[in-house]
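**Student:** The listed protein sequences correspond, in order, to chains H and A.
Counting along the first sequence from 1, when you hit position 89 you're at 99 in this note's numbering, and nothing is skipped either side.
Counting along the second sequence from 1, when you hit position 233 you're at 567 in this note's numbering, and nothing is skipped either side.
Fair warning: there could be bad hints in the mix.
Stated by the list, open to error - Dumping the calculated BS3-like pairs for lysine-lysine here, alpha-carbon to alpha-carbon at most 25 Å:
no.	chain 1	residue 1	chain 2	residue 2
1	A	K447	H	K624
2	H	K319	H	K307
3	A	K432	A	K718
4	A	K547	H	K624
5	A	K511	A	K547
6	A	K718	H	K356
7	H	K254	H	K39
8	A	K551	H	K255
9	A	K659	A	K578
10	H	K526	A	K528
11	H	K598	A	K760
12	A	K447	H	K299
13	A	K418	A	K718
14	A	K659	H	K254
15	H	K356	A	K748
16	H	K476	H	K47
17	H	K39	H	K64
18	A	K408	H	K463
19	A	K718	A	K760
20	A	K641	A	K408
21	A	K547	A	K528
22	A	K551	H	K254
23	A	K716	A	K748
24	H	K598	A	K432
25	H	K254	A	K408
26	A	K528	H	K221
27	H	K255	A	K408
28	A	K418	A	K562
29	H	K307	H	K221
30	A	K447	H	K463
31	H	K526	H	K587
32	H	K299	A	K432
33	A	K760	H	K254
34	H	K46	H	K499
35	H	K299	A	K718
In case anyone wonders, no lab produced these hints; they're calculated from the structure.
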Amino acid sequence: MKYPCFPIFAAVVFATGLLPVVGQNARPKDDPAFLKKSALQIDQYVAAFYRRQKLEVPGVTDDATFLRRAFLVSVGRIPSSEEAIGFLEMDDATKREELVAYLLESPGHASHMSNWAFDLLRLTDRRVDTMANNEPYRNWVREAIENNMPWDKMVNRMLSSQGDGWDPSTAGVGYYTRDRGMPLDNLANTMRVFLGARMECAQCHDDPFGKTERHDFYQLAAFTHGQDEVRASLIQSFRADLAKKVENYSTPEFLLAQFLDDQVYGASLAGGGAGNIPLPMDYQYRDAKPGEVVGAKTPFGKPVRMSEKKEDGEGRKAFADWIINKTGEQFPTVIANRMWRQVMGKGIYEPVDEYLPPEKTHYPELITYISRLMVELDYDLRAFQHVLMLTRTFQFGTNPQESIIASADDFHGRKIQRLSSEQIWDSLITLAGGNPDGLPRRTLDDRIVIGGKPVLPNRRMGQLSKEVLALETEEEFRVYFDKLLAEMKQGGSAPSGDSMMSMGMTQVRTYNRDAKVRASELPSPAPREHFLYLFGQSDRMVVEGASRDPNVGQVLSLMNGFVQRQLVNNSQAHIYKTLDGASNDPEKIRRLYITILSRPPSDEEMQWMLAEVKAQGESGYRNIVSALVMSSEFLFLQ
Amino acid sequence: MKSFLKADEFTRRQFMSNAARAYLGVNLFPMFGSTLASAAPEAAVKGGKAKHVIYLYMAGGMSHVDTFDPKEKKDIMGKTEVIKTNADGVTIGHYLPKTAEVMDKVCVVNSLKSTQGAHEQGSYVMHTSYNMLGTIRHPSLGSWVARLGGRLHPELPPYVAINASPENTGSGFFGSKFAAAPVGNPEQGLQDSKRSEAVSEDDFARRLSLADKMNRKFHDRYANADVKAYEELYREAINLMKSKDLAAFDLSRESQATRDLYGKGAFAQGCLLARRLVQHDVRFVEVQLGGWDTHYDNFAGVEGRCKEFDQAYAALLTDLEKTGKLQDTLVVVATEFGRTPEIQIAHAGGRDHHPSAFTCLLAGGGVKGGMKYGSTDASGSKVKDLPVSVQDFNATIAYALGLPHDLVLMSPSKRPFKFSGPDAAKAAPITSVFA
């Protein structure tokens, strides 16, 4: 018996496979031959490790396991039935390579990588107890990922931008404004996220185990010191005056002022980094006095210093340049190892945010190689993942055992791991609605909303922010504010689509908590009653705060919750459409297996399921769907 | 019943087998002589009136000077005013008028000190007694209580976390059996705990049986602890679904008057749910209230947080007392650190992290009310007397429950761990706050 054929997918795969026609002068990241050669080089380092250990190299996994693994790792969901059948039925020696190329170019990859970036950068939509949101920054990160902005450039933009948070060219300032008022925590996270250097302790005291002293931390903080909002004094004095006049904090006047403070000024960033900073008043060591001003100085790598005598204003640029270009192998190694974990399931060394120099890892040659590869590929994260997914190492068979090397991968086959919360969700919506990547992604929400209500329907944040930040004097501000307030009180309704176009506004598309769309399109983090929370999505308050731990709520949800409502008991679910045209029970069962588990059933399983259908008729199919989704095989990556 | 022996069979066997190994090297078992041999643990562990814990966690670092450790100096207090309470000599910040009416039930521990000044590490040590490590995940307090104390209700989960960050309520190396059952939104209770009406009992059973067949095959192929955990959870979940006490999670069973007593919002209703759960013999309930990270405009921030906290906390203590549960329920208010007495003018009156002195609260479960334990200096900057480490504080929670805070349990990787943290912390419970 044959599977139904889905030629569309196959055609796409073939087309992608044929696409790259690359000349002699192609950059390495665009050259398929270079990517393949690099993959081979990685495999040789891994093989050398096996030889040294006198171990047999693990075998390569079967097509079905590879298919599911490749999808989950690169686009964060299981294949739709069409995609699965397309791949499994292809009879082509290079089909794995073609699949990888197809996946990495698909919009699903950007979605999956956005979840990664949101976890790493602690990207939440809102900030508690303020009217501020991180909307333009979220959108900026999403676009940077979508456009595959090279990592060094992305980091540089986040660390050294200044100006209007709503201007797309400077929206990277969200990296700092997300942590408004807490620049030192932000700095400690910067060192951890980009350099794998843990300095949180030194924020308050000398690290008793490490080399970092509190003095070092402040010297580093000098680079980013002096962050402020653009022309903040205008709004501050305005609000101070207002507080004297206004009794009630919920008047339109007060709300509008607070809104401008949080959403416009609060999203902006002035001050390029002073280069000097006073030591804190509780500074406790003998080498300096509290309040003494120290100049910027880097703690390792090529030394960069700035004078304590004057404010420079270029400190953040110097800092970003040091992180990216003057820390030797550290910057490329940290991101290369993060990407290795993203693709292979475990870092070459772990934890990935505690950098180890190559000689201290179990695989010095390999880690040195991938660090250089990252540079050679111009920090192109997609190309780098492409190399890893072309390796034989990526295709190793599954090994359920824990790594025999503490805090590192032992490369004894793929480690079994529960899917992330986002991977489970994205897979379920694929079953419920088919390939979700054709849906348009959410756009920047630049509407003006105060207290949950849209106000000023004829304006958008981008223009408003630009105008407000351009105001130079208190008088100008007052005039502008009064005009805005009058307009707000007047109300009015949102313009129609056509008149919106003529005003240069774009249609805003967002998805609320109930939408059956990719996790990357939902509110960040998803609300606490959401499936994503239950399965351990990070609350994005701390770096990579996600959990894959099981709990009883997850199992209840699989048995009685979202899965039942949207999938099993929903006759409109995409999964039941895959049964159209199947003429007999074995064929239907086979299709359900391929759709949910990306593989055909074994003979034994076929007998179980046929018995179920025989006993229960139509509801037998629902029972099969339910059982397959509840199975550990569905929840785990092999 | 010897309380530490309530740790399950596996633990005891492991305990015995490890004992011999321990004697070859370091003595890992300070409890060994007094408990395992013959003495009743009650002799070693006094306190012991509490059966439950309601752990209210103020995520982000609650400002101690603006709430429960107010000072005289205006330059420290900023916009915060000091008010009297119904307990002599106990004053608090003016954002907490209702709490002021119940301070006779509360012991204010003003002298906490943490070595961790960042949120992630600070919350981690508060919840586990250990510093964060890259190589192991430690069980959280609720998991320790579930494991050492055992469950009181045969079907309901022993540990429930309401509106909490998942990384704070994990069971670490204890495994999923001791992990918190998460409740995201208290209004919805434990989601999906009832069989859908569209599914017949027969079909439901068939689904489980098919899934079970699938899973057994899978587990045979991949004998992995995480995979196994899900198998066990299915059994647990089914028992739970069948429980007649599932209504413990249902806030709609409470009168409107009671619901209004606690106030609106996820934290307030979470406190009410916690009260229902301990009434139904859940051991440990954590409820989180986030947003205390008031670097920027601290006074507006604290005021906003206190609005969520004040009425709910006062209602919880009053309600527990009225229903007779206060005497065997320890109500803890904890946070990862305090905030600097200095006010950052540049950040619109913000306060930064301050781990070197902060305040947590204890009430119920045999704790004396209307008192303060320990103090800070005139500025609220340093601990003046009776310093309490995070581990001492957690040891006190174990003590209140009559659980051995220093019993050693081994991780699967054969490393020793205790409720109250590493040996180096030398944790000791504060016994004098118990009546």
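**Student:** None of the hints should be skipped; say for each whether it holds.
**Tutor:** Here is what the structure says about each hint:
1. A/K447 <-> H/K624: Roughly 67 Å separates the two Cα atoms, so the pair is violated.
2. H/K319 <-> H/K307: Status holds; Cα separation ~13 Å.
3. A/K432 <-> A/K718: violated, 29 Å
4. A/K547 <-> H/K624: holds, 18 Å
5. A/K511 <-> A/K547: Holds, at roughly 22 Å.
6. A/K718 <-> H/K356: Violated: A/K718 and H/K356 sit about 47 Å apart, past 25 Å.
7. H/K254 <-> H/K39: violated, 60 Å
8. A/K551 <-> H/K255: violated, 73 Å
9. A/K659 <-> A/K578: holds, 21 Å
10. H/K526 <-> A/K528: Roughly 23 Å separates the two Cα atoms, so the pair holds.
11. H/K598 <-> A/K760: violated, 64 Å
12. A/K447 <-> H/K299: holds, 24 Å
13. A/K418 <-> A/K718: Holds, at about 22 Å.
14. A/K659 <-> H/K254: Roughly 47 Å separates the two Cα atoms, so the pair is violated.
15. H/K356 <-> A/K748: holds, 23 Å
16. H/K476 <-> H/K47: With a Cα-Cα distance of about 49 Å, the restraint between H/K476 and H/K47 is violated, given a limit of 25 Å.
17. H/K39 <-> H/K64: Violated. H/K39 to H/K64 sits at ~34 Å, over the 25 Å cutoff.
18. A/K408 <-> H/K463: violated, 39 Å
19. A/K718 <-> A/K760: At roughly 20 Å apart (the allowed maximum being 25 Å), A/K760 and A/K718 satisfy the hint.
20. A/K641 <-> A/K408: holds, 23 Å
21. A/K547 <-> A/K528: holds, 23 Å
22. A/K551 <-> H/K254: Distance of about 72 Å is beyond 25 Å: violated.
23. A/K716 <-> A/K748: Distance of about 38 Å is beyond 25 Å: violated.
24. H/K598 <-> A/K432: Since the Cα atoms of H/K598 and A/K432 sit roughly 63 Å apart, the hinted pair is violated (cutoff 25 Å).
25. H/K254 <-> A/K408: holds, 20 Å
26. A/K528 <-> H/K221: violated, 55 Å
27. H/K255 <-> A/K408: holds, 24 Å
28. A/K418 <-> A/K562: violated, 55 Å
29. H/K307 <-> H/K221: Satisfied, since the Cα-Cα distance of roughly 15 Å is no more than 25 Å.
30. A/K447 <-> H/K463: violated, 44 Å
31. H/K526 <-> H/K587: Judged against 25 Å, a Cα distance of about 17 Å means the pair holds.
32. H/K299 <-> A/K432: violated, 44 Å
33. A/K760 <-> H/K254: Outside the cut-off at roughly 53 Å; violated.
34. H/K46 <-> H/K499: violated, 63 Å
35. H/K299 <-> A/K718: Holds, at about 23 Å.
In this structure, the hints that do not hold are numbers 1, 3, 6, 7, 8, 11, 14, 16, 17, 18, 22, 23, 24, 26, 28, 30, 32, 33 and 34, in rising order.
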